[in-house]
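Visitor: Top line first, the protein sequences correspond to chains A and B. Using numbering that gives the first Met the number 0, the first residue of the first sequence is number 0, and each one after it goes up by one. Using numbering that gives the first Met the number 0, the first residue of the second sequence is number 0, and each one after it goes up by one.
Treat the hints with care, as some may be off.
Stated by the list, open to error - Rough simulated footprint, nothing fancy, chain B against chain A, three-plus residues with beta-carbon under 8 Å:
{"no.": "1", "segment": "68–80"}
{"no.": "2", "segment": "193–207"}
Claimed, not checked - Sample of chain B residues at the chain A side, in silico, Cβ under 7 Å:
{"no.": "3", "residue": "His83"}
{"no.": "4", "residue": "Asp235"}
{"no.": "5", "residue": "Glu302"}
{"no.": "6", "residue": "Arg401"}
{"no.": "7", "residue": "Thr403"}
Source of the hints: derived by calculation from the structure; they are not laboratory data. Because the structure is a prediction, the values reported are computed rather than measured. Where a beta carbon is used, it is the ideal one built from N, C-alpha and C, also for glycine.
Number of protein chains: 2
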Amino acid sequence: MTGESGGGPTALPRVVVVGGGFAGLAATRALSGHPVDVTIVDQHNFHTFQPLLYQVATAGLEPADVAYPVRTIFGREPNVTFRHGRVTKVDLDSSHVQLADGSALPYDHVVLATGAAAGFFGVPGAAEHARPLYTLGDARRLRNHLLATLEAADAHPERFDGGAPTFVVVGGGPTGVETAGALVELLDVSVRRDRLRIDPARTRVVLLDMADRLLTAFDERASRYAEDMLRARGVDVRLGVGVADVRADGVELADGEWLPAAAVVWAGGVSVDGTLAATLGTARGRGGRVVVGPDLTVAGHPEVHVVGDAGAVPLGPEVEGTSPQVAQVAIQSGRYAGQQILAALDGRAVAPFRYRDKGIMATIGRRSAVAQVPHLPVVRGTLGWLAWLGLHLVYLIGFRNRLTVLLNWTWRYWDWPSGPRLIVADAESEP
Amino acid sequence: MTGESGGGPTALPRVVVVGGGFAGLAATRALSGHPVDVTIVDQHNFHTFQPLLYQVATAGLEPADVAYPVRTIFGREPNVTFRHGRVTKVDLDSSHVQLADGSALPYDHVVLATGAAAGFFGVPGAAEHARPLYTLGDARRLRNHLLATLEAADAHPERFDGGAPTFVVVGGGPTGVETAGALVELLDVSVRRDRLRIDPARTRVVLLDMADRLLTAFDERASRYAEDMLRARGVDVRLGVGVADVRADGVELADGEWLPAAAVVWAGGVSVDGTLAATLGTARGRGGRVVVGPDLTVAGHPEVHVVGDAGAVPLGPEVEGTSPQVAQVAIQSGRYAGQQILAALDGRAVAPFRYRDKGIMATIGRRSAVAQVPHLPVVRGTLGWLAWLGLHLVYLIGFRNRLTVLLNWTWRYWDWPSGPRLIVADAESEP
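All chains should be modelled from the sequences, with the hints used to inform the complete structure.
Guide: Right, dumping it as structure tokens:
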């Protein structure tokens, strides 16, 4: 075990940020250029732009379009070091972060931004047979499976129930809605442009949710709009239905109905159970999220900050409840943790964290999206889609990524017959 | 076992093209729009632009930049069908191509364009420990290994002999020269832009060849130029040395010297042994290539055409010898087979195949390449590099690919700190 941080002993306070997602990047950015020695650790050498993973899964974008090397992001920040490795433990007693390769990083402050994992909430068979969509690896595996399934349907339609595959998406939140919409577009391109011999009338995309409407975080008109648009595009939207069992060849619904499925996409939510945050040994709330105080630190450990999906981030000092597990919360809580560390090192007090809801949006497909900003009317249709497009491009890290994504979308918009529909790999490396 | 081709019995002659590389595409293109029913089969759903694989391996390009879906290439050709599958056997007696999924495709003519595989030529340990660079999967695995090695060198320099990794490239042909040059550029970007803490002075790239000069297919001045440029960029070029043994941690040279190596890249040539072509049961020549007549068909089987790397393609009717295993031969022989099939079906005679050498080129790195066109003086330096760039862009399939490749290269030229240095996966799916 070797103690290290920034290349040796240093007079500067050491901050270890665990996780290179939205929250970890925001915390590191807030600390960049300040008199602290920051090490950001991730098991992948890249940041993933999670809101667009469904596009990678449905062959609209390439992995490199939504991923960006963490080293490159902080390449010009002399006080930030990237460390490629998997954290196995945060030792609160000795203030060390332990890595799988046997190293240990001592810290004065640690920011846990380790995210969540797909939450299967005890549905039998879901962990084994459903395909989550939370990591870049998930997206690539799902894509390869979808494309290989379409090729199999071309060559051997008789091997599918009803002569064509059915794709089931579980979960009517933004990820589920976006995936179902993009799946229909993938089928359309496959038949029309690539001349796959599958019967579009028999090939089904089913979107399931237990709630009685889609996008429950939005207002009801937005929900109805999304539902109408998806149905108009051919998605079989089923509301108020639970999933009883997921098997290799389909889904059993709570009412006993059997849906054969060539793929079950799990957009049913996330949980912190089973992740590094769950091993801290401190109090945990709903979905396994680590309970933190108004300053986003763990009780009794003002040097341990938990942000983003991993933490039960409060909405604010005078508001009851916990923030949702969305990108905006991750960015705001990460940035807050960075600022709070600088304040604590200076002996300054900071105001409690407060989530500022900047609005939510979801795209349903080409020229169709809903956007909802507080105190403003719901935007939908082409205008909503353009708002969604602009915002995602602005937030996408890296000029190259923005350009290639824009390029891809322009292609798709004009319906050019190109696009990255490659079946290239099916396993992610674990460093 | 089901007989199928283009969706059922048809009056049109059936041509099956096995392989979606340069040769298979050229044959299919020659048959497009003619009264034949063409099925092109490949185990991958994409064509790979092999000349640029070394760029994927050294993180200069993304897999999607050098790969293009076969379906999309022939999306507007009604007489061409793509079939995703692995061919296990060509049955010359019953004129069927058998697939791993149990199907069989009957043919009137078959074009075998199955390429080659890395040739290890009996060097002990090479097949197990050296890393070839012939398929997209090879390139991605090599890239992930190189990037992960650099990360390990940053975190644990003490784990490497001499405190830094050594990379060995075996083979001084175009692939070896290009890979060695690109490796030096990757190291440079990693240290200068990504601030990896590895010592550039200790990190070695060694290029080995048994011959006494690099690029033996070029004239001697081109060889010397390449050697000088590589040395000036820091590559340790060792000529006249054979490899006795490849192990997990290095290479033993024929003279007994031990070179520790974090990666051994195998650019030592290709062989047809172990590939589908080797199972035909007909006569085979050097490197296992299938012996063909002046019309590129197998003796006694005028309906069986073997083209590209898989065939011992003659140089021409009055020239002794076999064509080299390069893209130009694949393209020309594939196109010839397509034309020859049309002629045979019409009862027309065709002239024997003749290879037209349009010249060879190899890049050494930024602004440096050699190009040699018959009857012209050797072009080198920036002009050679621009010629190389232009020619590769012209041959690259698909507008999107060309644009993103150009984008990436412009980036690199101006030394912007972006680029697809992602460690994303380490295994390719086999359908």
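Visitor: Which numbered hints turn out to be false for this structure?
Guide: 4, 5, 6
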